[in-house]
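Student: Chain by chain, the residues run as shown.
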Amino acid sequence: MVRSLIPVVAVLFLASLLIGPAGIGLREALLALGSGQGGDIALIMREIRLPRALLGVMVGGSLGLAGAAMQGWLRNPLAEPGLIGASSSAALGAVVALQSGLAAAFALALPLMALGGALGSVLLIAALAGPRGSAVVLILAGVAVSAIGAALTSLLLSLSPNPYAVAEIVFWMMGSLADRSMVHVWLALPVMAFGAALLATTGRGLDALTLGEDAAATMGIPMRRLRVCLILGTASVVGAATAVAGAVGFVGLVVPHLLRHWVQGVPSRLLPASALGGAAMVLAADIAVRLIAPDRDLKLGVLTALVGAPLFLHLIWKMRRGEA
Amino acid sequence: MMSIDLSVPDRLQATLTVAQGEFVGLVGPNGAGKTTLLRASLGLLPATGRRDLAKAAFLPQMREIAWPMPVERIVGLGGAGPAAVDRAIARMELQPLRHRRADALSGGEQARVLIARALAQEVPLLLADEPIAGLDPAAQIAAMEVFTAKAQAGAVVASIHDLGLAARFCTRLVVLCGGRIVADGPPSVLTPDLLAGVFGIRAWFRDTEEGPVFQPLSRVATLP
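Chains as they are written, first to last, in the numbering used here: chain A, 1 to 324; chain B, 1 to 224.
None of these hints come from the bench; they were simulated from the model. Treat the hints with care, as some may be off.
Take a look, some chain A residues computed to stay more than 10 Å from chain B by CB distance [claimed, not checked]:
| hint | residue |
| --- | --- |
| 1 | 7 |
| 2 | 25 |
| 3 | 30 |
| 4 | 31 |
| 5 | 78 |
| 6 | 132 |
| 7 | 163 |
| 8 | 164 |
| 9 | 179 |
| 10 | 190 |
| 11 | 210 |
| 12 | 214 |
| 13 | 219 |
| 14 | 266 |
| 15 | 296 |
| 16 | 312 |
Computed spacing ranges between beta-carbons, pair by pair [said to hold, decoys possible]:
| hint | chain 1 | residue 1 | chain 2 | residue 2 | range |
| --- | --- | --- | --- | --- | --- |
| 17 | A | 132 | B | 99 | 37 to 47 Å |
| 18 | B | 46 | A | 225 | 54 to 64 Å |
| 19 | A | 315 | B | 99 | 51 to 61 Å |
| 20 | A | 261 | B | 152 | 34 to 44 Å |
| 21 | B | 99 | A | 302 | 34 to 44 Å |
To give an idea of the interface, some chain B residues facing chain A are shown, with a C-beta separation under 8 Å as derived from the structure [to be verified]:
| hint | residue |
| --- | --- |
| 22 | 52 |
| 23 | 56 |
| 24 | 57 |
| 25 | 69 |
| 26 | 70 |
| 27 | 77 |
| 28 | 79 |
| 29 | 211 |
| 30 | 214 |
Here a beta-carbon is modelled for each residue, glycine too, at the ideal position from N, C-alpha and C.
Chain B on its own, in the form it takes in the complex:
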């Protein structure tokens, strides 16, 4: 689905391969290079190295809807046909909003419209930059479920700050710090040492009968 070996001077040096069926959570503190990695992978940023991607849709971090267009028109902007637009609108439960002005919706509703727009492109790979930030809990879980389903037939790479949701839903976590990948693997890579070193936090993380539960507890006093 995706194989990159990219370097952006002073900002990023990363090698990453994503296979079909993977839902990769890109985690790391602010400024770790998550956005840079996504944008460089898509060729939106000058970078040296190699990149090889399946057809990809992208959800930028900046949620921008400049004009008073109806929701269904926004969803179709990527060149999607009416059937694909209908499917994406149904998937994101936007039916009641379909004829409303997208720019007048709430922030969370706009985020769902934009996710629907990316889904409507119906391409195998989805790259998303903080797609669930600012959503209410139900909408966050719904979006993670949509990404999980999307990853079945392709792959999803999403930068996520909520480590709890990332640990529950992502099949794999890629931890970025200072422009480098410092850990890569199943959610169990979030070890106490890594959390202290990369995020500067302590957390409670167990596999329970409700699935993996991750709860940040406190900052660690001394950063190495």
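This is chain A alone, in the form it adopts within the complex:
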């Protein structure tokens, strides 16, 4: 079941490599990508389309994985990766970088500051919730941290003397994979790999949590370690995703929801399924962005929300019928 998503992601990855304004033929494109020969074509393939497709997989996979982990942990299908405040703090870091001019002076300042913001949110939440903090306390801490991040972002925007900087920030926050380079890939990859490795260890714990925290603890699940892995893992993958792509909404909420029945509701099986599903959704959305408005920069985050929200409504509609 989960494996059947791999070819879907592979096809979408190829499509992402082959679709673009430059209109390069299939054979040419793959040859140039493989050999690095062919001048402009190789440049486009290796420096523009490859990082874009790779980031699509990485960002989508991160958001899907983190969404499945958060929903499993909180036993709530409405949980989403941004819940512990990592995405809004990462956004705040990025906004500070854009606003202060650091991003203009030094290209990597933005993603680095965003990662710093995500790290800050983890430390703040850990301090707020304490070592024995229950899931509810952590969520509330996450809500508070998110609110602080959003408020400071708004403060920076409203105090900004430079309307261009404001426009840039607003567009950045909408989320996009356009104009990213391999540098972004290399920056995000280790952080995401670290976070994904942590989240991959949580499967058995999340399964046991299906029956509640007390039951899980008496089934031999080390709850404190589970909590640390979940918070740090989620903050890493979400922080890195936000750092390189901005805020891409709804993927982490909708994808685990869509795939849950496929995996018979088992959280440990939902983790890989949702990572693949998230990658597929972001790749597809990023391709759609290029096809719908090739000469306008339609933002990826806008499209995922536009598609994701009605999809979510449909799921709620189905759920309501099921309960009636």
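Knowing the structure of chain A, use the given hints to seat chain B on it.
Tutor: This is chain B only, laid out in the frame that chain A set:
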């Protein structure tokens, strides 16, 4: 099997030792500390003192099945192998429900699934917090029989509100009141004075040829 001497500030102060073969019914009015005693014994609650338990499975009072998993998967969640899962499913007569979605079952069916999950762990000690609440009479008796059998090879400690079933099936009753153990012994500890003082009730309680029969009759007018 279990030996504790625990104290939770303002909530519990209890010393209890349970030997193999015992089916201990933990009884007491609401708020007496039954859940606190079970959770503190398992280390789910910060408590001071000493606790020494054999490997234990726990049935929390809150019956929670968060996701649409099939019954057999739920039963195996404690790390039980397929053979242990089969045994537990057979023991709780869940064969017809085995592939159904556990979260869509009735409350009583879910309770039986969760009991099966705890049995499947196949550990000597079972602690259960109100395991038979909300079950129909046949299922309540069936569950008490399962616990009786389980206690043969280990021990069971279960908080129970139904004093009639507790008196019939438990080998020993531990009566909690205000966070302290006020009586401990065979079902005959449920004397009229204790019932009036702890539960505020009057009851009819006799050893009959059908075994011990306990029937609460009325509240007592004045609580001491």
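Student: Now tell me if each hint is right for this structure.
Tutor: A quick look at each hint next to the structure:
no.	hint	in the structure
1	7	holds, 26 Å
2	25	holds, 47 Å
3	30	holds, 42 Å
4	31	holds, 47 Å
5	78	holds, 12 Å
6	132	violated, 8 Å
7	163	holds, 48 Å
8	164	holds, 48 Å
9	179	holds, 40 Å
10	190	holds, 32 Å
11	210	violated, 5 Å
12	214	violated, 4 Å
13	219	violated, 4 Å
14	266	violated, 6 Å
15	296	holds, 41 Å
16	312	holds, 18 Å
17	A/132 x B/99: 37 to 47 Å	holds, 38 Å
18	B/46 x A/225: 54 to 64 Å	violated, 18 Å
19	A/315 x B/99: 51 to 61 Å	violated, 24 Å
20	A/261 x B/152: 34 to 44 Å	holds, 41 Å
21	B/99 x A/302: 34 to 44 Å	holds, 43 Å
22	52	violated, 16 Å
23	56	holds, 7 Å
24	57	holds, 7 Å
25	69	holds, 5 Å
26	70	holds, 6 Å
27	77	holds, 6 Å
28	79	holds, 7 Å
29	211	violated, 33 Å
30	214	violated, 30 Å
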